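Could you build all of it, start to finish, from the sequences and the hints given here?
Which chain is which? The protein sequence lines are H and Y, in order.
Mind the numbering: the first sequence is residues 1 to 754 in full-length UniProt numbering, read in order.
Mind the numbering: the second sequence is residues 1 to 351 in full-length UniProt numbering, read in order.
Hints were generated in silico from the structure; no laboratory data involved.
No experiment lies behind these values; they were computed from the predicted model shown.
Any given hint might turn out to be false.
Counterexamples of contact, computed for chain Y against chain H with all Cβ distances above 12 Å [unchecked claim]:
#1 Arg77
#2 Ser302
#3 Asn348
Cut-off 25 Å, straight-line C-alpha distance, at most; resulting in silico cross-link-like pairs (DSS-like, lysine-lysine) [as the list claims (entries may be wrong)]:
#4 H:Lys387 <-> H:Lys430
#5 Y:Lys57 <-> H:Lys565
#6 H:Lys586 <-> H:Lys565
#7 Y:Lys230 <-> H:Lys565
#8 H:Lys163 <-> H:Lys151
#9 H:Lys151 <-> H:Lys141
Just so you know, even glycine gets a beta-carbon here, dropped at the ideal spot from N, CA and C.
Chain by chain, the residues:
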Amino acid sequence: MEEEDAGRRRKAHGMLKLYYGITEEGKSGERLLDPTDINGVHFNPEMYLTKLRKESSLAQLMDVETDMVRQIRALDSDMQTLVYENYNKFISATDTIRKMKNDFKKMEDEMDGLAANMAVITEFSARISSTLQERHQHITKLSGVHTLLRKLQFLFELPARLKKCIEMSAFAQAVSYHAKARSVLQQYQHMPSFHGIQTDCQAIMAGLADTLHQRFRDQSSSPLDLSECIELLLSLEEPAHLLCDEFLAHGRGRLAAHLSDLEGASDILEFVDRGCGGFISDACLLAASYQSLFCKEPSCTAQMAEQKLTTFLDELSEGYFELVEKRLREEKSPGDNSLLVRALDRFHRRLQAPSKLVPGCNFNRRGTEIVVRVAQERLAQYLQALKNFFQGCLTDVRQALAAPRTPGKEAPALGELLAMLSGSVLNQIKSVLASVHLFTAKDVAFSDKPYFKGEFCSQGVREGLIVAFIKSVCQTGRQFCDSPGEKGASTPPLLLLLLSRLCLDYETSTISYILTLTDEQFLGQDHSSVTPVSTLCSLARSTAQTLLNQYVKSQGLVVSQMLRKSVETRDWVTTIEPRNVRAVMKRVVEDITSVDVQVGLLYEEGVRKAHSSDSSKRTFSVYSSSRLQGRYAQSYTPSAPLDTSLLSNIQKLFSERIDIFSTVQFNKVSILTGIIKISLKTFLECVRLRTFGRFGLQQIQVDCHYLQLYLWRFVSDENLVHCLLDEVVCSAAHRCLDPLPMEQSVIEVICERG
Amino acid sequence: MEDDAPVIYGLEFQARALSAQTAETDAIRFLVGTQSLRYDNQIHVIDFDDESNIINKNVLLHHAGEIWQISANPADRNVLATCYNNTSDSKVTSSAAVWRIPKELQAGNQEVPDDSSNNTQTLELLCHLNNDSHSSLSNSTTLEGKGQLKFTSGRWSPHHNCTQVATANDTTIRGWDIRTMRQIYCIDNAHGQLVRDLDFNPNKQYYLASCGDDCKVKFWDTRNVNEPVKTLEEHSHWVWSVRYNHSHDQLVLTGSSDSRVILSNMVSISSEPFGHLVDDEDLSDQEDSQRDEKTKEPLQDSIIATYEEHEDSVYAVEWSSADPWLFASLSYDGRLVINRVPRALKYNILL
Chain H
1 MEEEDAGRRR
11 KAHGMLKLYY
21 GITEEGKSGE
31 RLLDPTDING
41 VHFNPEMYLT
51 KLRKESSLAQ
61 LMDVETDMVR
71 QIRALDSDMQ
81 TLVYENYNKF
91 ISATDTIRKM
101 KNDFKKMEDE
111 MDGLAANMAV
121 ITEFSARISS
131 TLQERHQHIT
141 KLSGVHTLLR
151 KLQFLFELPA
161 RLKKCIEMSA
171 FAQAVSYHAK
181 ARSVLQQYQH
191 MPSFHGIQTD
201 CQAIMAGLAD
211 TLHQRFRDQS
221 SSPLDLSECI
231 ELLLSLEEPA
241 HLLCDEFLAH
251 GRGRLAAHLS
261 DLEGASDILE
271 FVDRGCGGFI
281 SDACLLAASY
291 QSLFCKEPSC
301 TAQMAEQKLT
311 TFLDELSEGY
321 FELVEKRLRE
331 EKSPGDNSLL
341 VRALDRFHRR
351 LQAPSKLVPG
361 CNFNRRGTEI
371 VVRVAQERLA
381 QYLQALKNFF
391 QGCLTDVRQA
401 LAAPRTPGKE
411 APALGELLAM
421 LSGSVLNQIK
431 SVLASVHLFT
441 AKDVAFSDKP
451 YFKGEFCSQG
461 VREGLIVAFI
471 KSVCQTGRQF
481 CDSPGEKGAS
491 TPPLLLLLLS
501 RLCLDYETST
511 ISYILTLTDE
521 QFLGQDHSSV
531 TPVSTLCSLA
541 RSTAQTLLNQ
551 YVKSQGLVVS
561 QMLRKSVETR
571 DWVTTIEPRN
581 VRAVMKRVVE
591 DITSVDVQVG
601 LLYEEGVRKA
611 HSSDSSKRTF
621 SVYSSSRLQG
631 RYAQSYTPSA
641 PLDTSLLSNI
651 QKLFSERIDI
661 FSTVQFNKVS
671 ILTGIIKISL
681 KTFLECVRLR
691 TFGRFGLQQI
701 QVDCHYLQLY
711 LWRFVSDENL
721 VHCLLDEVVC
731 SAAHRCLDPL
741 PMEQSVIEVI
751 CERG
Chain Y
1 MEDDAPVIYG
11 LEFQARALSA
21 QTAETDAIRF
31 LVGTQSLRYD
41 NQIHVIDFDD
51 ESNIINKNVL
61 LHHAGEIWQI
71 SANPADRNVL
81 ATCYNNTSDS
91 KVTSSAAVWR
101 IPKELQAGNQ
111 EVPDDSSNNT
121 QTLELLCHLN
131 NDSHSSLSNS
141 TTLEGKGQLK
151 FTSGRWSPHH
161 NCTQVATAND
171 TTIRGWDIRT
181 MRQIYCIDNA
191 HGQLVRDLDF
201 NPNKQYYLAS
211 CGDDCKVKFW
221 DTRNVNEPVK
231 TLEEHSHWVW
241 SVRYNHSHDQ
251 LVLTGSSDSR
261 VILSNMVSIS
271 SEPFGHLVDD
281 EDLSDQEDSQ
291 RDEKTKEPLQ
301 DSIIATYEEH
311 EDSVYAVEWS
321 SADPWLFASL
331 SYDGRLVINR
341 VPRALKYNIL
351 L
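So this is what it looks like as structure tokens:
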């Protein structure tokens with residue numbers, strides 16, 4: 001049944017669809033084209049019937065027939081119900097339309113009534129307003145008169161009121177009353193009554209102004225009172241520039257008091273604090289209130305006032321800065337640099353406020369200048385302190401060197417002294433650098449000023465402090481060399497040696513180390529020319545050289561003095577036959593040995609010329625003695641004095657010229673060679689000034705052989721010692737009345753014994 | 001250029017004493033005294049012919065002893081004085097004497113150069129300076145001090161009417177006024193070590209040069225004895241002799257035991273530091289411009305030349321009295337070297 005129902009409904013729908021021209025989609029379209037389909041659009045009853053008749057049996061036909069009948073019936077009933085339903089609806093719709101028509105007619109009538117009423121109302125209202133017009137104008141006039149009268153009353157009452165206000169010292173009220181009335185009075189002053197009021201008011205206000213001025217001048221009144229007074233006076237149209245001046249004069253008194261107060265501060269930090277708290281903040285306050293009073297809107301008055309303020313502040317700050325600078329200059333002790341830097345920082349920071357407030361005044365510039373100057377002075381102080389420290393170290397070293405060495409002949413520990421000296425100086429430099437570094441610390445406000453970034457680092461610290469110190473060290477060294485006394489006693493030779501080593505160390509490492517350290521700590525941005533490391537190094541090297549030369553000279557002098565004395569004080573003509581080596585020669589060898597030890601503590605061995613074994617020494621001495629004898633043999637033959645000089649000349653042709661006081665190299669051998677050269681040359685010159693007897697010559701021979709035995713080991717080229725000694729003996733032979741040389745073997749025996 | 005080459009003369013003996021023949025202004029003549037203990041000592045009179053560069057010598061015997069110092073009479077060219085040591089009986093005695101050069105040599109010394117070496121003549125003794133009948137000690141004073149005091153050198157000042165003498169002992173230089181025999185100035189510690197020689201500036205009366213064992217040559221103003229005016233430190237051993245040029249006192253000669261002779265030009269402290277001022281007006285424009293260039297060069301004290309012809313210590317140097325551009329130096333091995341001031345410098349000074 002249900003299916004059937006559904007099919008039926010679909011059929012109906014299909015019909016409706018058909019009616020409304022809505023085509024079914026695809027599949028059904030084909031079916032619709034089928035003319036035999038009873039439900040299709042193109043249904044052809046003839047074809048359907050013929051088809052049915054052709055295809056179906058009778059029974060089937062019967063069935064179709066019944067079926068068809070049944071269907072027709074069903075369709076009919078359906079149709080009937082539909083018609084009924086729709087009919088009812090249509091009826092009710094018709095009813096409604098009719099009703100609406102009625103209602104509209106009624107409404108139209110009412111609207112007409114309303115329009116009539118409105119016209120009436122308009123008419124009435126127009127009539128009323130026309131009647132009321134006259135009255136209204138009158139009232140307006142009356143109220144105008146009332147206000148005028150009140151104003152007049154105010155004016156007439158004004159003097160009394162002002163007086164009362166002044167009595168109650170409500171000055172602001174009085175001034176505002178007066179300000180209100182002033183223009184009116186001004187306008188109507190030709191009328192006698194108003195004029196009277198005006199004069200009264202003016203008298204009262206003048207009195208008020210006087211009172212205000214008095215209060216203003218009163219030293220004890222507070223800044224708040226002052227500013228109130230000024231405001232009132234300004235609104236009383238007092239001349240602004242006079243007020244400015246007076247205000248500033250008032251401020252000057254207080255600031256000056258602060259300044260005089262400052263002088264008592266003991267501690268630098270306290271001083272700066274007090275200066276900042278008292279002077280600067282008061283000045284700020286003053287400037288701020290002044291500006292709020294006089295410079296509110298840009299006008300020529302404001303400009304004038306601004307200018308006045310600037311000059312005023314400049315004047316006052318001059319005194320302050322002078323005071324600060326004086327105080328800072330007193331800050332001499334180099335120890336508490338952090339305190340100074342903190343004080344400077346605070347000082348500098350606090351100056352920012354007034355300079356921001358009053359852009360015209362040069363607080364900031366002056367402040368920075370002071371800081372820069374103080375920093376420079378500080379650097380100079382540090383340099384002096386470093387120099388003093390170095391001098392102190394030198395004094396210590398001198399004392400250590402001069403201290404009597406009781407236990408035996410132990411040489412003073414030069415190495416330790418040197419290490420101590422250079423170490424402590426280096427430490428001092430480092431600590432000074434650290435203190436100076438405070439100036440450029442990040443948390444210090446003025447460290448980012450261009451001066452502190454550039455010039456302070458490169459010119460100030462690097463050049464002014466470190467380089468200058470190194471130069472002064474060299475200078476000090478040089479001073480030891482050409483001290484006017486130069487008798488050798490003025491400067492202990494060991495100090496010269498020590499300083500020379502110090503300078504040499506500076507040249508090789510210390511200078512570059514210190515400068516690298518400085519450059520690292522003070523990364524200067526400015527690229528102004530700085531002294532290069534190489535210049536300093538060469539300076540240090542030349543100083544070291546000078547010192548060493550001086551050392552050689554003075555040590556040589558000590559030995560040669562001994563030799564000279566020994567030659568000069570003896571009567572060589574009548575001396576007895578030599579039995580041993582003279583004590584002086586032993587002293588000489590001892591001295592040179594001790595010098596050798598001392599120099600060995602500080603300087604490297606150095607290079608000597610090849611052979612230095614014991615065997616070579618022996619053969620050498622044999623060779624020399626044989627040659628000596630050969631030469632004497634020549635000079636004994638009386639007929640040939642020429643040959644001697646010829647021979648010695650020929651010999652000299654082949655030997656190098658010996659520079660006696662020449663520069664030495666930085667090693668032990670070269671130093672000792674220098675000393676020995678000086679000593680032996682002196683020996684030679686002294687011998688030439690004397691006349692010898694036979695034994696005198698022999699003594700010289702013995703002495704020379706002894707020296708030969710012991711000195712060869714110290715020098716770079718033993719030939720040199722040999723040459724010089726040879727010449728000594730030769731000269732002695734020349735200066736001998738009876739030149740009979742001693743047997744070489746005897747000499748050797750004597751030397752080995754002694 | 002060849003003229004500038006040094007002329008060398010060798011003596012047989014060692015020698016220390018050298019002097020120019022001061023009274024002789026025509027010929028260039030030097031006196032050299034030898035030192036020999038075992039042979040007769042000699043005085044060589046050396047003539048130098050500037051044109052031909054030839055040396056003529058005359059040998060005079062000095063029997064008295066070895067000569068340590070010699071000096072010529074400034075008025076009579078045939079008189080000379082020597083200091084000598086005499087050794088006899090193993091005793092050494094020092095003495096001084098005045099001698100006269102024998103007549104034959106005075107007259108025709110130029111004509112007989114060949115045989116002068118063969119027939120050596122003996123000096124004629126005028127007197128011994130030992131306070132006997134011929135000579136008398138005019139004045140004396142004693143220097144008092146600690147220890148043995150020895151004078152190493154003495155020198156007459158050519159100024160003040162020759163009333164002043166300067167002496168050196170140890171490291172001190174003293175000035176004496178011989179009228180009162182009082183000390184007039186004293187330069188303590190003039191040199192670090194022994195002072196070896198002195199010389200007065202011939203044109204500037206207060207200026208004095210000294211040299212010594214500290215290898216330095218110092219120039220002093222005797223009015224201010226605290227500081228030397230100038231110090232030279234060029235030698236590498238003791239400086240034994242210092243001499244101002246007689247006419248051009250910027251030229252200073254020094255001899256040292258480092259076997260060198262150094263000629264220095266001390267313009268800044270000479271009497272003619274602006275040598276050309278006198279002729280200023282005579283100069284034409286063209287010369288003026290040349291001169292401007294010259295004067296623009298700063299006046300600098302400089303070493304003119306270092307002479308290294310010697311091979312032994314040089315104990316004496318001396319300017320010629322006849323030719324101001326010529327000098328001699330003597331080293332211990334008996335070598336006498338005659339040199340000239342470089343021509344460029346000579347013209348520079350003269351023009």
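To see whether the hints hold, each was checked on the structure:
1. Every beta carbon of chain H lies more than 12 Å from that of Y:Arg77, the smallest distance being close to 30 Å; the non-interface claim holds.
2. Distance check on Y:Ser302: its Cβ is at least 21 Å (rounded) from any Cβ of chain H, clearing the 12 Å threshold; non-interface status holds.
3. Distance check on Y:Asn348: its Cβ is at least 30 Å (rounded) from any Cβ of chain H, clearing the 12 Å threshold; non-interface status holds.
4. A hinted pair counts as satisfied when its Cα atoms are at most 25 Å apart, and H:Lys387 with H:Lys430 qualifies at roughly 14 Å.
5. For a cut-off of 25 Å, the pair hint linking Y:Lys57 to H:Lys565 is broken: about 39 Å separates their Cα positions.
6. Among the hinted pairs, H:Lys586 with H:Lys565 is consistent with the structure: their alpha-carbon atoms are about 14 Å apart, no more than 25 Å.
7. The suggested pairing of Y:Lys230 with H:Lys565 is violated, with an alpha-carbon distance near 30 Å, which exceeds 25 Å.
8. In summary, the hint linking H:Lys163 to H:Lys151 is supported, as the alpha carbons are separated by about 18 Å, within the 25 Å threshold.
9. At most 25 Å may separate the alpha-carbon atoms for a hinted pair to count; H:Lys151 and H:Lys141 meet this at roughly 16 Å.
Violation of the numbered hints given earlier is confined to hints 5, 7; the remaining hints are satisfied by the structure.
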